[in-house]
Amino acid sequence: MRPTLWQRLDAVARNLTPFGLTLVLVIFSVVPLHLPDFQRVAPGLALMAVYHWAIYRPNLLPASIVFLIGVLQDALTGMPLGVSALVFLTVYGVVLSQRRFFAGKSFVIVWLGFALVAAGAAVQSWLLVSVFNTAFLNPKAAFYQYVVTVGAFPLLAWIFLRWQRTFLRLE
Amino acid sequence: MKDNWRNNYRIVAPIKGLVHRFAYLGLVLAAAALMLLGKADVLLVERARTHITDALAPILDVLSRPIATAAELADQVAVMIDLHAENDRLREERARLLHWQTVARRLDAENKAFRDLLNFKPVSDSTFITARVIADSGGAFANSLVVNAGSRDGVDKGQAAVTGEGLVGRIHGVGARSARVLLITDLNSRIPALIESTNTRAILAGNNSERPYLIYPPSGAAVSLGDRIVSSGHGGAFPPGLPIGVVALISDGGIEVEPYVKRDRIEYVRVVNFGLKGILQSPRERAPGAETRQP
Chain A
1 MRPTLWQRLD AVARNLTPFG LTLVLVIFSV VPLHLPDFQR VAPGLALMAV YHWAIYRPNL
61 LPASIVFLIG VLQDALTGMP LGVSALVFLT VYGVVLSQRR FFAGKSFVIV WLGFALVAAG
121 AAVQSWLLVS VFNTAFLNPK AAFYQYVVTV GAFPLLAWIF LRWQRTFLRL E
Chain B
1 MKDNWRNNYR IVAPIKGLVH RFAYLGLVLA AAALMLLGKA DVLLVERART HITDALAPIL
61 DVLSRPIATA AELADQVAVM IDLHAENDRL REERARLLHW QTVARRLDAE NKAFRDLLNF
121 KPVSDSTFIT ARVIADSGGA FANSLVVNAG SRDGVDKGQA AVTGEGLVGR IHGVGARSAR
181 VLLITDLNSR IPALIESTNT RAILAGNNSE RPYLIYPPSG AAVSLGDRIV SSGHGGAFPP
241 GLPIGVVALI SDGGIEVEPY VKRDRIEYVR VVNFGLKGIL QSPRERAPGA ETRQP
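Residue numbers (the numbering used here), protein chains in the order written: chain A, 1 to 171; chain B, 1 to 295.
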């Protein structure tokens, strides 16, 4: 049976949500929260989104979208354009190459995987920004940001998993 | 039918994989190229950034409002809790300020008299635009704010962003309805400053930590903890005397300055046009050489 127009529109809309959610996170991450000292260590929300969707639905978040998300994040945060794009693409590539490993693994493994990948991403960003500015950046803030990001991952991952079970059926 | 599909799959799948791999590599190269472009053509990339920020400014504006309100509520609760202590503190402060008021009145009169003597023409045609902070992109790698006023409100590159406490930063990029403020703590921020007590010149340089530091103080300059740092007005970027912060740490690593402005407290900034063109109007405004000119 051929799906009707509405069914197809519905499917397209659902399949756009990983991109939409990631976009919302990028924008949300720069909204001033007025929490003391929080903005310095604010978690990398978009990084979690890229990691999660690369594991569970890479077809709904293709590399081109990951690139765009990265450029948007750079533009909004004031980082050198291209840095986040490169970091997100690296995370995406690494996760895709290890996708078979993640298949069917428990959440703790996925979380540990994130801790590793996010560490790589933090070091990569730090190196790229340091080289770009030809200055030695203090790695302290990057480290704290990394810790907060890893700590906040389960919360966001839980939301994503719920979302995925409710709105994104397996193709 | 099924066989046909399987055959197709056998041919198409590797090609598809190859295409994907090339597309991925292409995107990685594009990201690297974007970084290089950002180094080679600062203006072009900054303009692109401004356009993107400007397009998203209305969304950021709407999102930032409820959060600001919630923060205000939380503040109010905190204020209620230590109302008593606050009252005592304010009473004490008032007594001190009253004393300062007399001093200020006397100085003002004295100043007026001196000006009359010298036929001095004051430069006080500064105007300001109040803008809301709609994005705070802190983080380890960049320190800037986005405010909801842009070129159509009269904001221009190089103007100072201040709050009641002191200097926040300077306008770095301007879109039609938004502008980016480079905080004094950002790695790329260089502000000609003055150690107020000794009138010693130095440059206040950001390093992406919460405390910027003073570079190029003249050798043998006397600096002590708690010294006030104000803008010096050299280089024509800012007028002299804008409060910046106090010296918080002196070590071999340098002189660290604790800014007066606490970043998480900033909800509104005043973008001040002092009518100074300065060196910041030139396209090479990031070149530190121009700002670090020493007498």
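In short, the hints are calculated from the structure, not lab data. This one's a predicted model, so the numbers in the text were calculated from it and none came from an experiment. We put the beta carbon where it would ideally sit given N, CA and C, even for glycine. Among the hints, erroneous ones may be present.
[As the list claims (entries may be wrong)] Here are a few chain B residues that face chain A, going by a calculated C-beta distance under 10 angstroms: (1) L43; (2) S209; (3) S224; (4) L225; (5) R228; (6) P240; (7) E258; (8) K262; (9) E267; (10) R270.
[Said to hold, decoys possible] Some chain B residues near chain A, calculated using beta-carbon distances under 7 angstroms: (11) V28; (12) L29; (13) V42; (14) D54; (15) P58; (16) V62; (17) S64; (18) R65; (19) I67; (20) T69; (21) L73; (22) A142; (23) G254.
Original post:
With a cut-off of 7 angstroms, does the beta carbon of A142(B) approach a beta carbon of chain A closely enough for the hint to hold?
Top reply: holds, 4 angstroms
Original post:
Hey, does the V28(B) contact hint survive, CB to chain A under 7 angstroms?
Top reply: Holds - the Cβ of V28(B) comes within 7 angstroms of chain A, reaching about 5 angstroms at its closest.
Original post:
How about E258(B): closest beta carbon in chain A under 10 angstroms, or not?
Top reply: Because about 13 angstroms separates E258(B) from the closest Cβ in chain A, which is outside the 10 angstroms limit, the hint is violated.
Original post:
Under the criterion of a CB-CB separation shorter than 10 angstroms, is L225(B) in contact with chain A as hinted?
Top reply: The hint is violated - L225(B) has no Cβ within 10 angstroms of chain A, the shortest such distance being about 21 angstroms.
Subject >> Satisfaction of the S209(B) interface hint, Cβ to chain A closer than 10 angstroms >> reply: OK, holds: S209(B) within 10 angstroms of chain A, min 5 angstroms.
Original post:
Can the hint on L73(B) be confirmed by a CB-to-CB distance to chain A that is less than 7 angstroms?
Top reply: violated, 11 angstroms
Original post:
Does R228(B) meet its interface restraint, that is, does its C-beta lie within less than 10 angstroms of any C-beta in chain A?
Top reply: Hint on R228(B): violated, closest Cβ of chain A at ~24 angstroms, above 10 angstroms.
Subject >> Hint validity - S64(B) Cβ closer than 7 angstroms to any chain A Cβ >> reply: Constraint on S64(B) satisfied, holds at 5 angstroms.
Subject >> P58(B) as chain A interface residue, shortest Cβ-Cβ below 7 angstroms >> reply: With Cβ-Cβ at 11 angstroms, over 7 angstroms, it is violated.
Original post:
Hey, does the R270(B) contact hint survive, CB to chain A under 10 angstroms?
Top reply: Because about 17 angstroms separates R270(B) from the closest Cβ in chain A, which is outside the 10 angstroms limit, the hint is violated.
Original post:
Close enough to count: is the Cβ of R65(B) nearer than 7 angstroms to one in chain A?
Top reply: Given a least distance of 10 angstroms, the restraint on R65(B) is violated.
Original post:
Do the numbers back the hint for S224(B), that is, is its least Cβ distance to chain A under 10 angstroms?
Top reply: violated, 25 angstroms
Consistency note: the structure conflicts with the earlier hints numbered 1, 3, 4, 5, 6, 7, 10, 12, 13, 14, 15, 16, 18, 20, 21 and 23.
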